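All chains should be modelled from the sequences, with the hints used to inform the complete structure.
Respectively, the protein sequence lines represent chains A and B.
Under our numbering, the first residue of the first sequence carries the number 1, and numbering increases by one thereafter.
Under our numbering, the first residue of the second sequence carries the number 1, and numbering increases by one thereafter.
Treat each hint with caution, since some may be false.
Claimed, not checked - Taking beta-carbon pairs under 10 Å as the criterion, some of the chain B residues facing chain A (in silico): (1) N22; (2) T24; (3) A28; (4) Q38; (5) L46; (6) S104.
To be verified - Here are the simulated lysine-lysine pairs, DSSO-like style, with alpha carbons at most 30 Å apart: (7) A:K65 <-> A:K18; (8) A:K11 <-> B:K45; (9) B:K45 <-> A:K57; (10) B:K45 <-> B:K77; (11) A:K11 <-> A:K65; (12) B:K45 <-> A:K65; (13) A:K11 <-> A:K57; (14) B:K77 <-> B:K55; (15) A:K57 <-> A:K18.
For the record, the hints were derived by calculation from the structure and aren't laboratory data.
What you are looking at is a predicted structure, and each value in this text was computed from that prediction instead of being measured.
No residue lacks a Cβ here, since even glycine has one placed at the ideal position from N, Cα and C.
Here is what each chain is made of, one letter per residue.
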Amino acid sequence: EAAVTQSPRSKVAVTGGKVTLSCHQTNNHDYMYWYRQDTGHGLRLIHYSYVADSTEKGDIPDGYKASRPSQENFSLILELASLSQTAVYFCASSDPGGSYEQYFGPGTRLTVL
Amino acid sequence: GDSVTQTEGLVTLTEGLPVMLNCTYQTAYSTFLFWYVQHLNEAPKLLLKSSTDNKRTEHQGFHATLHKSSSSFHLQKSSAQLSDSALYYCALSVQVVGQLTFGSGTRLQVYA
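Printed below as a string of structure tokens:
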């Protein structure tokens, strides 16, 4: 079965600090995505990537950067964490050759204090 | 732009009653529609998907039919179970872009 893993699974960060969330997939998928989940807003796309060494802005990219050093790995970076970035973050991957069904990782619960 | 609307934020049911969660969408492109289910503290997982007009799709007791004429893809089940309690997302993919657009989600709470 397709596998997407995320680390850490939970994190407490201080306001103004730097946070890096990591995602690793063994699906051999070209496409990868970062979402944040907030009650009442559902899943919102932050950044995505079609290929290694290239990233694209999603619907809510402000305050976030992304890095795709290889096909398997996709990181989300919060350079200056803020209280409003407290949320659950999900990584996903998909195969562009099909229906674009996305496979999600288990999520990272980030709390910014 | 593309959008998905789920009108109910919360649906509460007694076990054994039928389930219907609404989903309508807007897009100018040929697309796939999906239902994802997310149980508490878990990742969203695919429940159903379809791109075929007027064809019923079934999985794990749930079913949905894509109606392009009304831009709808409602999720149904004949008899709710306690284990169906979860957050359900409707989503569409636009094949040209390869992204999913999600609705805001409907939380289904089933009581004994």
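Each hint tested on the structure:
The closest approach between the C-beta of N22 (chain B) and any C-beta of chain A is roughly 15 Å, which is over the 10 Å cut-off, so the hint fails. For T24 (chain B), the suggested interface contact is broken, since its CB lies about 15 Å from the closest CB of chain A, more than 10 Å. The criterion of a C-beta within 10 Å of any C-beta in chain A is not met by A28 (chain B), whose closest approach is roughly 17 Å, and the hint is violated. With its C-beta approaching chain A no nearer than about 9 Å, Q38 (chain B) sits inside the 10 Å limit, and its interface hint holds.
This hint holds: L46 (chain B) has a C-beta 6 Å from the nearest C-beta of chain A, less than the 10 Å allowed. With a cut of 10 Å, the hint placing S104 (chain B) at the interface with chain A holds, because the nearest CB-to-CB distance is about 4 Å. Between K65 (chain A) and K18 (chain A) the CA atoms are separated by roughly 11 Å; this keeps the pair inside 30 Å, and the hint holds. Between K11 (chain A) and K45 (chain B), the direct Cα distance comes to roughly 23 Å. Compliance with the 30 Å bound is thereby established for this hinted pair.
The hinted pair formed by K45 (chain B) and K57 (chain A) meets the criterion: a straight-line CA distance of about 24 Å does not exceed 30 Å. Distance check on the hinted pair: K45 (chain B) and K77 (chain B) sit about 17 Å apart at the alpha-carbon level, within 30 Å; holds. As the CA atoms of K11 (chain A) and K65 (chain A) are separated by approximately 18 Å, the hinted pair is consistent with the 30 Å bound. For the hint linking K45 (chain B) to K65 (chain A), the alpha-carbon distance of about 26 Å falls within 30 Å, and the restraint holds.
Between K11 (chain A) and K57 (chain A) the alpha-carbon distance is near 24 Å, which keeps this suggested pair within the 30 Å criterion. Distance restraint check for K77 (chain B) and K55 (chain B): the Cα-Cα separation of roughly 16 Å lies within the 30 Å cut-off, and the hinted pair is therefore satisfied. For the hint linking K57 (chain A) to K18 (chain A), the alpha-carbon distance of about 19 Å falls within 30 Å, and the restraint holds.
Consistency note: the structure conflicts with the earlier hints numbered 1, 2, 3.
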